[in-house]
Amino acid sequence: MTINKKIENKTAILFVEGWLDTQSSPELGNEIDSLCDIDNLILNFEKLEYISSSGLRQVISAYKKIISNGGTFSIINVRSEVMDVFSLTGLDKKLDISAK
Amino acid sequence: MRHSITTKILIIIAAVLVISDASLLILGFFSVFTTTHNNYVSYAKSSATIAADLLDGADMQRLQTDETYAKYYTATLDDLCQINDLEYLYVYIPDTENKTITYVMLICSENSSYSAIDERSSGTVVKHELTPAEISVMNGNENAGITETNNKFGCVITCHSAVYDKNGNVTALVGADVSIDETINVFVKSYSIMATAIIVSCSFVLGMVAVILKIKVLKPAKIISKNMKGFVTDRNYKFKKLEIKGNDEFANMADSFNYMAEKIENYIKNINELTEEKHRREAEISIAKNIQSGLLPDRSFKNKSIKISATMIPARDVGGDFYDYFTLTDNKICTVIADVSGKGISAALFMSRAITIIRQYAQLGYSPSEILFNTNNCLTLNNPEQIFITVFVGIYDINTRIFTYANAGHNTPYLISNTLKKLDAARGITTGIFENEKYDEVSVTLNNGDTVFMYTDGVNEAVNTEREFFGINRLENTLKTFRNEKKENCIELVLNEVRNFSQNSVQSDDITMLSFSICSNSETTINADTTNLNVIKKLITDDKYIPNKLKNKLFLVAEEIFVNICLYAYENNSGTVDFSIEVSDKIVMKFCDSGKKFNPLKNLTDIDSYDIDSQIGGLGRLIALSIADKADYKYKKNRNILTITKYFQEE
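Taken in order, these protein sequences are the chains called A and B.
Counting in the numbering used here, the first sequence runs from -17 upward without gaps.
Counting in the numbering used here, the second sequence runs from -14 upward without gaps.
Everything labelled a hint here was simulated from the structure, so no lab data went into it.
Keep in mind it's a predicted model, so treat the numbers as computed, not measured.
Note that the Cβ used here is the ideal one computed from N, Cα and C, for glycine as well.
Hints may contain errors.
[What the hints assert, rightly or not] Here are the simulated DSS-like cross-link-like pairs (lysine-lysine), alpha carbons at most 25 angstroms apart as the crow flies: (1) A/K29 / B/K538; (2) B/K289 / B/K523; (3) A/K29 / B/K536.
[As the list claims (entries may be wrong)] Residues from chain A that face chain B, not an exhaustive set, calculated with beta carbons under 8 angstroms: (4) D3; (5) T4; (6) S34; (7) S35; (8) L38; (9) L70; (10) T71.
Given these sequences and hints, build the entire structure.
This is the structure in structure tokens:
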């Protein structure tokens, strides 16, 4: 998994590529925790091939953190196989999420 | 309750005895009484007449005074009195005018209870009015004059007779008295003798009758009855022939009974022998059945590449159908199904020959058509009963996935993949009849999940109560549902259908089926550490039989389950997990661990009510089980066993 980030006007965009599984998801958590002085977060999952429940947990904790500070949280360009996992858990209805 | 005939007869004899005795005694009573009475009356009458005759012409006055004159008469009358057993014999002169009588003579018996000699001595005059009987005698009627009196002289019967002088005038009357007490004594004496005689003789006669009955009737009846009862009710009773004596009804009865019993004994003996023989034969057949089922391989077999299941249900104890499968060199598996004509022992014997020959040629490395060619020649050479066998032989090469087969007159097997196809090959002639027959050989490449189904005509020719056949159409429809309805085992499926169809009808032919499915199987044992997820990932990614679009989904399931085992079953302690993935017409993943008992199917929140704000735990299981088509958990021998099934086609 690789993560590229771009920060503009207190909005961070994270480009997550590859597999977000049990082993790699703590990296995403660390990456989000390291972001400071931002209000909004956009996760671009265009190149994310795989997500498991551990990845979802990182997404959920990031979502809670951003929302509690009054920012906006969105996930964009989600592939259908990854979207399936979001819909399985009902997260697609909670989050601001859009498909590719 | 039953009374013995002896008791009944004794009761009857006793009744007869009582009745006959009573009637004889009553009759005897009257006859003895009359005789005794008449005897005594006649004694008295004759005594009176004799005395009167003696005294005719005698001087009555002189008799009273001259003792010497009277002595002769007295002595004679005394003798008469004693001889005729009279109580009194007396002579008196009646005086009709003065109504008196004057006693001339009175003889008294020695036994008289009351002596009247002194009171009525000669010359005594007694006041007495003549009785009608005395008057009648005086008037010349000799037969009249019997009176009965009871006075101080005792209870007597008196007879009178008149004494005449020379001129024929009545000079005196003679009275002869007989004691009634005496007659009664005599009567009682003679009657008791007679009664004793009657009772004794009757008893004797009936006693004799009873004895004769006992010997002649009751005893043989009892013996016959005892023997018959013993013979009928107790089968352990040793039958003894009844002795036949004489030629009466009992002899006939005994004779008939002996005849009947002998016949029955013979029948029973025959039946026992037949039953024994039957049991012996059944035992032998049961052994034969075991031997025959021993010839066939197990009903199921499984390795990494193939899953075989088979069944053989003979119509009788042993059958002529058989299935067979065995591994050959070069990673090949040979499958056979065959049907010997006929049923029972003969078919079973021929079957055992055929199965051996086919195996022999297969193991020599012959192809299916060569196997059939040589088997046919072997069987035809020595087949006096002209028994024939239809055979289908197919060899599956695990390496190339090619199935090569040849058919000698057998029902065409089916290939169940996405559609149902017949494994067509020119159906050669059945084996066992003509020599040097050639058989076509056809090859087909099989894919994961493909199933080959072979059967004998016992399946399609199974009949129901309406005498309808199960038929090919029903069989094909059933096989189509196998893939569509995602059943586990097509043999069980067909067998259930056949049984539901034929209900309680008797199975008329052997039912035999063999099916094999192509699968691939990978397995590994890894430590319960999340870093080992790569091993599982590689196993799934590298499996060429898993469709690519399913790979990520399967790995997602595997990851969630594996992490769950590491975190909850082993609680981050060390341990191992056995993981296997099998691909046939579906994908089955299996996880085994020795950690804490943990059922991941339990306490699972419904996905619709899952609250992401509060619930974090259980999310992985929720995802895994939502993707799985089927999940099964077992806890066996301290191991958690979780089986996840995923079908190729989405539900």
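Comparing the hints with the structure gives:
1. A/K29 / B/K538: 17 angstroms, holds
2. B/K289 / B/K523: 18 angstroms, holds
3. A/K29 / B/K536: OK: A/K29 and B/K536 at ~17 angstroms, within 25 angstroms.
4. D3: Because about 6 angstroms separates A/D3 from the closest Cβ in chain B, which is inside the 8 angstroms limit, the hint holds.
5. T4: 5 angstroms, holds
6. S34: 5 angstroms, holds
7. S35: Constraint on A/S35 satisfied, holds at 4 angstroms.
8. L38: Because about 6 angstroms separates A/L38 from the closest Cβ in chain B, which is inside the 8 angstroms limit, the hint holds.
9. L70: Holds, about 5 angstroms.
10. T71: Constraint on A/T71 satisfied, holds at 6 angstroms.
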